[in-house]
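A.B. asks: Mind assembling these two chains? They're in different frames, but the hints should get you there.
Those protein sequences? They're chains A and B, same order as listed.
Under our numbering, the first residue of the first sequence is numbered 65, with each subsequent residue one higher.
Under our numbering, the first residue of the second sequence is numbered 8, with each subsequent residue one higher.
Source of the hints: derived by calculation from the structure; they are not laboratory data.
Be a bit skeptical, because a hint or two may be false.
[As the list claims (entries may be wrong)] Interface residues of chain B toward chain A, partial, derived using beta-carbon atoms under 7 Å:
(1) Pro18
(2) Ile130
(3) Ala139
(4) Gln143
Using N, Cα and C, we set each Cβ at its ideal position, and we do this for glycine too.
The lines below spell out each chain.
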Amino acid sequence: MIVFNQVQKSYQVDGRAIPALHPTDMTIENGEVFGIVGHSGAGKSTLVRLINLLEPPTGGDILIDEENITHYSAAELRAFRRKVGMIFQHFNLLSSKTVSDNIAFPMKLAGIYSKAEIRDRVQELLDRVGLTDHATKYPSQLSGGQKQRVGIARALACRPTILLCDEATSALDPQTTQSVLRLLSEINKELGLTIVLITHEMDVVRRVCDRVAVMDAGRVVEMGPVSEVFLHPKHPTTRDFVFESESIDSQERQEDLQKASGRILRLTFKGESTYQPLLGSVARASGVDFSILSGRIDHIKDTPYGQLTLSLVGGDLEVAMTALKAADVHVEVLR
Amino acid sequence: MEALLSNVDWPEIGIASWDTLVMVGMSLLFSVLAGLPIGVLLFLTGKRQLLEQPLAYGVLSFVVNVLRSVPFIILLIVMIPFTVMLIGTSLGVAGAIPPLVAGGAPFFARLVETSLREVDRGIIEATQAMGANVRQIIFGALLPEALPGIIAGITVTAITLVSYAAMSGVIGGGGLGDLAIRFGYQRFQTDVMVITVALLVIFVQVLQMAGDRLVLYFSRK
Chain A
65 MIVFNQVQKS YQVDGRAIPA LHPTDMTIEN GEVFGIVGHS GAGKSTLVRL
115 INLLEPPTGG DILIDEENIT HYSAAELRAF RRKVGMIFQH FNLLSSKTVS
165 DNIAFPMKLA GIYSKAEIRD RVQELLDRVG LTDHATKYPS QLSGGQKQRV
215 GIARALACRP TILLCDEATS ALDPQTTQSV LRLLSEINKE LGLTIVLITH
265 EMDVVRRVCD RVAVMDAGRV VEMGPVSEVF LHPKHPTTRD FVFESESIDS
315 QERQEDLQKA SGRILRLTFK GESTYQPLLG SVARASGVDF SILSGRIDHI
365 KDTPYGQLTL SLVGGDLEVA MTALKAADVH VEVLR
Chain B
8 MEALLSNVDW PEIGIASWDT LVMVGMSLLF SVLAGLPIGV LLFLTGKRQL
58 LEQPLAYGVL SFVVNVLRSV PFIILLIVMI PFTVMLIGTS LGVAGAIPPL
108 VAGGAPFFAR LVETSLREVD RGIIEATQAM GANVRQIIFG ALLPEALPGI
158 IAGITVTAIT LVSYAAMSGV IGGGGLGDLA IRFGYQRFQT DVMVITVALL
208 VIFVQVLQMA GDRLVLYFSR K
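Next up, chain B with everything else stripped away, as it sits in the complex (with noise of 0.2 Å):
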């Protein structure tokens, strides 16, 4: 057992780690603190909807596909100097962060504008029928509506938050991606890409397991 994961560093596994969850975890709160309102306005903006606005929505659709259309390993590039200017270096745990968030946020926010046009335009029609204004049509009856379809929705992006900042490893990002690309690729170390890569599946399979549980328990349907 020792000679066969001779080159892991158990110590250096735990604290990228950890950093791989904090990674995930702020660009997943970021993600989805920025992405909830844009999904609702991208949602309310559009075709038929309470305040269809069709300059509001090209314009907000445009952006949302724009970065949903770079690939992350660009994005982390193209987003560098951005990223120095708003935390001081591009490095790093933190240095990640933003263009997690980047790549987070917009496909967040279409996962929202899907699952809020899934709640039956009938619900709409009768909270309007009593006298709701929109604010009280989106927080008291479209958002708790939708609120299983939006927790399965942070539950896609956690995970694609995990294979995105395993990516940032390549630009100097830290955590898991880090390790598995300096040691398991660049040295050959397959007992270390091996063991990276099993804390990454169990890593993945925990937060489904986490969201499904949550989307059973708001379902009331």
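The shape of chain A in the complex, shown without the other chains (with noise of 0.2 Å):
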């Protein structure tokens, strides 16, 4: 569990104190999947990099499993480190080194492994991250996301519990994200490790992620479940993040709204009702019309969702609402 106790952080810039950070409080879990979403300059980054203290927080308490790191001396602190994987936006790999070698290079470091047990793990990470034909190569001759994959490999080479990952996908394209964020799903599965993402696309929370804690001006705005967060936003900066992962232009919905006539209501599926023929019967037993002014389908990590904003004429709207209340729909009255 990672437990942050009012942790603030600032930058002396020409004598004054610069706020990356304002005082925070947050928890972590063992074993899920943490998103921190945010627009850049937000303090994501530095969040990110107390957790192993690359950045040490000017105040506050950051406690790794009841353990106060935060006073840690300079040797546990590296030892603390190795149990803390890290993967980033331009890979860091060591170009002077293969894949084997730079998968290998945490464990020579730690100090604490013998030659077999470096090869053989080696060996396991390249099959893991589906890498094995590429072992003697150089990160120059990989792609993108074959260099994401060995960055996942060596982050993993320690068998470390909590792996911090800095935009990790924000420099491949559409695909290649979407297989990393695959595999890093299948790793926080299969070995229980607690995953701590930043990212600015609300799209990889939504797919990866089981809570998220949204960012701006170095605070946290809002925080939660994915699913309450990405369907039921509150503050303007994580509403701007959800429109934006949607393509939808506030501006044009609003258009949209006033145009249609009889009430708007937004009625948000989760889970099984997503699959239910849900409208159709209500409109028939309440003799209510509707028209869709906007919609959304898909998932948040492995629950499927829907939600849509619809227009009401006519009929008994109290029976509608009450029928789709019953049928575990969430309702909002926007109009």
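C.D. replies: As structure tokens, this is what we get:
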């Protein structure tokens, strides 16, 4: 468990303290995939680097599995960092080492593994990330997705309990992003690893994260389960992110709503209710006519969801709303 | 042909070539041995680096700059008392080596500093995140990543030392430069001058080619 207790960070610039992270409380459970989303400069890079103390905090305490790491000595800190893997946007592989040697590097640095152990572990990891045929290549001979796979294998080498991902898919094309995210999900499930992932793409959060924190100007402005934050965003920054990922222009949205007649409702289906033929039966039962103004149907991690904005005309609105609520649909009245 | 090169004493040229080779070789060796750690220290103590240490960097940088700003011909003369103290003479091949190192080492140190700065900061960060200490970061990541740049630096330093070594002829340093000055210049023996210059050109070409080959061999980018 990663616990932030009033953790803050500021940088000294020309004698003045510029805050990068305002005092923050946060808890990340063991085994979950925790997303941190924010625009560049929002402080998410700082936040993730506080977890392995690449950036020491200027205040507050960070507890990992109930141990306060903020007071670690240099040697304790180095031992601790071996238990925290990290992958990067630009991979940060050593160009002078082969794929195998890159993966073996953290084990060699640790100095507690035998040659045979290292060789076996490297082989196992190469298989794990699907790069067995590329063992003797140099990073420059690999594609972006392959490089990130090497990065992941390297981060896993010393069997960490936490994996930090710093914009790990931001330099990759959509297809490669998907395969890297799938790999991260697998690792999370199979190894029970805690993953902390920072990104500026809500889509990445939607695909792999269990919970998410939204950051803006050095503060966590919204935090909660992905389905909650994603389907019912409260803070303006969060809304921007959600709409951005759905390519919805909020201006356009407003105009669409103004043109529609009758009441406007937003229905959110989650899980099983997504598959129910609900709208038709509700419309028949209540005599309400509906037209769909906008909608999205997709998955949040493994859960299917649908969100529809409808305008309703005629019939008995009360009956319709009761029937929808009874079927476990979240109903918001927009107008 | 005989008449054209009448002044050229081939055995003398052979000895002078060998002397130049020894001067450059030995001074390059010591320049690298001294310059590499100085360059690494310059890098590490520099601004926003691992062991940021403004005072240490300032002092080190100042000394390097002083040695680099003194024209080599002056450095040769200024160093004479120190050279005599160090190895008993300021003449011949041995006497030329201390001033050559004094000129070559700070030059090489700066080249090392520059090539270390070109290593992606992300690689240092990644290595730190793996729990490496400063020594492991230097030897495990920084130096291997900067190796092609450092080899290119050694090549440039070697070539600079060839020209410095030729200059040392002025204070009795021996080698091809000495030959060119005493025979080619002072006795107006143009043929000797041409031969020595030609040999120096060939020497520099060979060094550059060998250096380029090595850089290419170690480059994985």
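A.B. asks: Compare the structure with each hint and give your call.
C.D. replies: Against the structure, the hints come out as follows:
Proximity of Pro18 (chain B) to chain A is violated relative to the hint, the smallest CB-CB distance being about 46 Å (cut-off 7 Å). For Ile130 (chain B), the interface hint holds, since its Cβ comes within 7 Å of a Cβ in chain A; the closest pair sits about 5 Å apart. For the restraint placing Ala139 (chain B) at the interface with chain A, the shortest Cβ-Cβ distance is roughly 5 Å, inside the 7 Å limit, so the hint holds. For Gln143 (chain B), the interface hint holds, since its Cβ comes within 7 Å of a Cβ in chain A; the closest pair sits about 5 Å apart.
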